[in-house]
Amino acid sequence: DTEVTQTPKHLVMGMTNKKSLKCEQHMGHRAMYWYKQKAKKPPELMFVYSYEKLSINESVPSRFSPECPNSSLLNLHLHALQPEDSALYLCASSLGRWGHGNQPQHFGDGTRLSIL
Amino acid sequence: GIQVEQSPPDLILQEGANSTLRCNFSDSVNNLQWFHQNPWGQLINLFYIPSGTKQNGRLSATTVATERYSLLYISSSQTTDSGVYFCAVGGATGNQFYFGTGTSLTVIP
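These protein sequences, in sequence, are chains A and B.
Residue 302 in this note's numbering is what sits at position 31 of the first sequence, and the numbering runs on without skipping anything.
Residue 87 in this note's numbering is what sits at position 81 of the second sequence, and the numbering runs on without skipping anything.
Simulated from the structure, these hints should not be mistaken for laboratory data.
Any given hint could be a false lead.
A few chain A residues that face chain B, going by a derived Cβ cut-off under 7 Å, partial list only [unchecked claim]: (1) A310; (2) P314; (3) E355; (4) L359; (5) P375; (6) F378; (7) G381.
Here a beta-carbon is modelled for each residue, glycine too, at the ideal position from N, C-alpha and C.
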C-alpha cells in the first residue's frame, strides 16, 4: 500500500527532543489514522481524523500531538517521549464516509521510532 | 468492542506446502481485511472481503459473515510468504477498526 507515504522511515531521538512524523495521501480519502505497533503485537489505534477534524483520541498521552492541516496531510508531533514509546508508527487512510470502520484502510510503510 | 481471534498463532511450513489461516470475530461486521506484514514492517493489504470469496494468485480468502469467520488460504507457499498475517474488522456501526492478534508464518526452504 504505497499510496500512503510516511516520512521519515526511521527516526532516533532523545527524550528531550521535538520531532514530527508526516503522512501524505492523494487518493481523496477524508479519514486518516495513526496507529502504534509494538514488536509482535497488532497495531493499536491512536487517533482518527475525519474531514480534517479529530474524531477519535484513544486516550493517548499529550506528548503525542496530532495535526491535520489539510485533507491530504497528517502529522504527529512528538515531544518529551519515553523509551517505551519506541515502536513502529503507522498511518492509514480510508474514504471517510459512513463511519471509519466499514471501509478498506490503506496503510503506509510506517516510521520506526527509537527513543534513547 | 469486537473481539477478533486468529488461529493458529504460529505456523511453520515447508516451502511448497499449503495452509489455512482462520479469523473469528464476535459481532456483525461491514469490513474485513487481511493484511500481510513482512519482516520489514510493511503492512500489505491482501484482501478487502466483508463477505464472499476472492482469489489473487496463490492466495484466496473466504468470509462467511453469518457465521462470523474468515479464512485465508495460501497455496504452494514460498519463503517470501513469511511474516505475520493480520485479520482486521470494522463493526456495523462503522466507528472502529479491530485487529486480530495475528498468525506468524515461517516458510522454510
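Tested hints:
About 10 Å separates the beta-carbon of A310/A from the nearest beta-carbon of chain B, more than 7 Å, and the hint is not met. The interface hint given for P314/A holds, since its Cβ lies 6 Å from the closest Cβ of chain B, which is under the 7 Å cut-off. A hinted interface residue such as E355/A counts as satisfied when its beta carbon comes closer than 7 Å to some beta carbon of chain B; here the least separation is about 18 Å, so the hint is violated. With a least beta-carbon distance of about 5 Å to chain B, the hint placing L359/A at the interface is held under the 7 Å criterion.
A distance limit of 7 Å between C-beta atoms decides the matter here; for P375/A the minimum to chain B is near 4 Å, and the interface restraint holds. Taking 7 Å as the C-beta contact cut-off toward chain B, the hint placing F378/A at the interface holds, the least distance being around 4 Å. The criterion of a C-beta within 7 Å of any C-beta in chain B is met by G381/A, whose closest approach is roughly 5 Å, and the hint holds.
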